[in-house]
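Novice: Chain by chain, the residues run as shown.
Protein chains: 2
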Amino acid sequence: MLKEEKEDETPKNELPKDLGVGKADFSIWYNRIVQLADLVEKRYNVAGMFVWKPYGFRVMRNIKKLWDRLFTESGIEEMYFPLIVPIEYAQMNKSWFDGFQDEVFWVKGRGDEEATHILRPTGEPAMYPMFAIWIRSKKDLPLRIYETVSSFRYETKHTRTLIRDREITFWYEIHTAHATKEESEEELKEHIRINEEIWKALALPTIKMEKPQWEVFPGAVGAIEFYNIMPNGRMLENGSCNNLGQAYAKKFEITYMDENNQQQYVWQTCTGNGARYLVAVIALHGDDKGLILPPKIAPIQIIIIPIFKEDLSEILPTCEEVMRILQDAGLEVKIDQDMKTPGEKFYIWEIKGVPLRIEIGPKEVASKFITAVRRDLGKREKIEMKDMVTKVNILLDQIQNNLLIKVQKFYEEIIVEIDNFNELESTINEGKVAVIHWCRSGECADDLKKFEGIELVGSLLGNQELGSCIICGKSTKTMSYVARTY
Amino acid sequence: MLKEEKEDETPKNELPKDLGVGKADFSIWYNRIVQLADLVEKRYNVAGMFVWKPYGFRVMRNIKKLWDRLFTESGIEEMYFPLIVPIEYAQMNKSWFDGFQDEVFWVKGRGDEEATHILRPTGEPAMYPMFAIWIRSKKDLPLRIYETVSSFRYETKHTRTLIRDREITFWYEIHTAHATKEESEEELKEHIRINEEIWKALALPTIKMEKPQWEVFPGAVGAIEFYNIMPNGRMLENGSCNNLGQAYAKKFEITYMDENNQQQYVWQTCTGNGARYLVAVIALHGDDKGLILPPKIAPIQIIIIPIFKEDLSEILPTCEEVMRILQDAGLEVKIDQDMKTPGEKFYIWEIKGVPLRIEIGPKEVASKFITAVRRDLGKREKIEMKDMVTKVNILLDQIQNNLLIKVQKFYEEIIVEIDNFNELESTINEGKVAVIHWCRSGECADDLKKFEGIELVGSLLGNQELGSCIICGKSTKTMSYVARTY
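Chains G and C are the protein sequences, given in the same order. Throughout the first sequence, residue numbering follows numbering that gives the first Met the number 0, covering 0 to 485 in sequence. Throughout the second sequence, residue numbering follows numbering that gives the first Met the number 0, covering 0 to 485 in sequence.
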């Protein structure tokens with residue numbers, strides 16, 4: 000039996016009073032945690048849109064800094080295209096637009112009878128007409144650019160903050176054009192490598208797979224997608240690297256003159272992702288007490304809590320000295336000087352997922368040590384102040400590693416290899432992800448549709464051990480994930 | 000006689016072939032330079048919108064980094080609000096919206112009969128309903144936030160790239176709320192101080208003035224605005240710091256409970272600016288050859304040009320060593336290895352405004368020196384390689400200072416004190432900016448309207464030397480700028 004997932008019933012115009020539930024009630028927990036950890040404000044009165052609060056913005060900005068650095072190091076240059084796209088650009092890819100025009104926001108002046116512009120749902124219709132202008136000869140290639148920008152979808156589906164929004168904020172898109180197929184394939188490998196670097200900094204294991212051909216953009220060659228498995232067993236698409244072949248080049252007439260004075264279509268790739276990185280961090284690292292941020296992206300890595308009965312001033316100079324020493328070592332540190340009890344402060348910073356707490360009270364001041372408490376394990380440790388920088392750095396590394404290992408273990412438990420078709424539905428309904436052998440035929444994949452909400456998500460890359468297609472029994476070296484998805 | 004200013008007649012869908020004109024033809028020069036220096040792509044087919052090219056984006060990103068750092072150091076926190084604003088938020092400030100609804104973009108779904116949302120023209124209608132939710136008691140104050148975002152105006156006026164756009168990119172807005180009037184006034188001083196820091200990094204002198212009361216936002220207390228004088232004598236508004244008093248608090252019901260359990264309206268400020276910083280840099284530092292970027296914001300501070308007849312490989316190792324040494328010293332350096340003549344390369348990097356060029360040829364390699372050429376003066380200097388880091392840093396400082404001094408001199412020449420009403424029009428028509436004594440009355444300011452296009456722009460801060468109002472003759476300590484504006 001499928002475990003019924005309850006949704007949070009806090010009205011959109013109210014803030015949840017407290018977390019109230021454990022992570023086992025994932026959907027409610029997630030909805031409350033994004034607000035209580037002060038990541039976002041959901042009371043903005045447009046469905047599917049929200050405000051980034053300063054703390055949430057800083058977390059997301061740290062994740063963005065990862066991709067900005069990695070793209071720049073790789074020579075992918077940043078640009079910015081207008082958010083408003085004229086309809087004639089969108090219509091260059093007519094089949095796409097015909098299917099898409101109900102899912103976009105239309106823009107018009109007050110007096111205009113008809114809207115002739117849309118808010119960008121995705122980069123291609125704004126970018127590719129420009130590519131067609133910029134690319135003339137081989138020396139204009141490769142063209143390798145990205146932008147980070149909002150995308151807009153007039154979603155009819157149920158929206159979920161950061162997972163399915165109507166304004167998709169912090170959305171990056173890499174778009175590249177190349178003279179040869181081989182070059183575009185190498186490019187895609189680079190995008191995959193970069194994504195793996197990002198996942199590493201997020202302390203999350205990478206699940207990457209090949210998208211089924213019928214789900215690839217029309218005319219494109221293929222796509223590699225990254226996925227996470229959420230605590231409820233559903234898979235979340237989290238980044239896709241698309242080999243567009245020449246499909247878009249042909250729609251947008253993006254050509255170059257080759258050595259023989261022949262016009263050739265370019266080969267293209269595009270890769271995109273955004274705030275869903277943060278969704279994975281929230282969902283996979285968090286616990287019943289709140290968020291747990293990996294040290295590599297935490298805007299506050301260490302929170303110092305002065306422990307005192309009456310007189311903060313006896314403790315504060317030591318707190319400040321500790322802060323200064325750790326800051327000089329390049330760490331992000333804050334002292335919480337609020338007039339609350341230590342217990343209240345622990346509660347707040349645990350919800351916000353600060354990886355390490357340092358407590359400094361009269362005992363610590365007297366004997367020159369600090370007490371460090373790890374957010375991930377709750378483990379306390381006394382550290383002599385003279386060893387502080389080294390020890391604290393070791394602890395942060397251990398937290399970063401431990402978070403990764405915890406998720407790896409969770410994945411190992413939740414991913415189950417199934418070779419009997421009759422076990423498939425019940426396994427997935429227990430909240431598991433199934434890995435099956437599959438013969439790659441559309442017919443066999445269609446057979447899965449009889450299980451409502453269950454999908455063939457994608458296939459493991461490369462050849463796997465030989466086995467029999469779970470549906471038709473044909474021998475195959477392809478293994479695929481079957482799961483519920485977002 | 001007013002010098003007729005010609006506009007560039009290059010069609011929007013074509014790139015200008017070359018600069019063609021000197022800076023004296025400012026309007027044409029400006030339009031061509033933003034494209035030829037590869038700052039923006041104007042061939043995007045929406046009026047008043049353009050694409051940021053990688054080089055332009057990097058310049059602008061460097062300017063943005065200035066404000067990000069300064070705001071953060073000041074404790075002003077970054078947030079992000081949705082770009083789509085529901086009409087009920089906009090209507091909370093009804094008088095504002097009644098006047099504004101023809102100047103905004105309306106947003107709707109394809110099936111929707113009526114548009115019920117707008118694209119943000121400015122921050123208040125998205126932010127202040129949230130302020131009303133967030134601010135409850137004195138401990139929620141001060142609230143000091145900013146965001147950098149696009150704003151949208153359905154301009155009916157003639158648009159000009161980066162000066163008047165329909166999508167106003169890289170637009171920051173600081174919004175703050177305070178418990179007392181005094182605190183909000185201190186806040187505004189901080190915003191002015193930050194702006195002055197930015198102007199310093201841009202090597203531009205600050206002209207700040209008090210806006211005439213009738214041009215201040217309705218109900219607000221006052222505003223300080225920054226201006227530049229363009230080469231054609233027109234003044235360009237470039238940043239405004241607004242003392243909103245309690246006007247907006249009353250419209251949006253932003254209140255806090257004071258010590259006596261009384262609801263009090265908050266005191267607010269807002270400060271905004273964006274890509275116009277770059278306009279001032281382009282217009283005031285550039286020359287007949289192109290852009291000149293101040294070293295503090297140049298994405299490439301030094302361009303190395305290898306000078307060789309046939310064999311780059313004899314020169315390249317030295318070029319690379321020089322680059323490495325300068326990069327290790329924290330400088331932004333690039334080698335131009337294109338297969339063009341040195342003359343062609345000089346031309347390109349001069350247009351792009353790279354502050355320092357280093358030429359390295361066989362002679363330089365043999366005798367261990369480099370030849371440095373300043374973009375601002377064209378002056379050549381031989382530098383021994385062993386002194387390179389020190390000498391190059393001195394040169395960059397000198398360029399930064401010289402750019403500032405050049406503009407200061409230009410301002411000294413173009414600003415003319417006038418005490419005879421009859422000389423006013425002719426002085427301004429000669430491309431000057433007039434400074435006059437003015438009694439602060441609206442009637443006297445109205446008298447200026449008989450000169451078409453000439454405005455009382457604003458007044459110098461604080462008391463000036465006593466004089467007679469140029470219009471009515473009344474004694475006054477106020478002096479004001481009178482000029483043509485953008």
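Honestly, the hints are just simulated from the structure, not real lab data. A couple of the hints might just be wrong.
Because identical chains cannot be distinguished in the list, a pair is counted as satisfied if it fits within a single copy or across any two copies.
Stated by the list, open to error - Straight-line distance between alpha carbons at most 30 Å, and here's what the computed DSS-like set of lysine-lysine pairs gives:
#1 K156 - K367
#2 K288 - K199
#3 K188 - K63
#4 K385 - K107
Quick caveat: nothing in here was measured; it's all calculated off a predicted structure.
Novice: Each hint should be assessed against the structure and marked as holding or not.
Specialist: Hints versus structure:
no., hint, verdict
1, K156 - K367, "neither (57 Å within a copy, 68 Å between copies)"
2, K288 - K199, "within (24 Å within a copy, 47 Å between copies)"
3, K188 - K63, "within (20 Å within a copy, 32 Å between copies)"
4, K385 - K107, "neither (64 Å within a copy, 62 Å between copies)"
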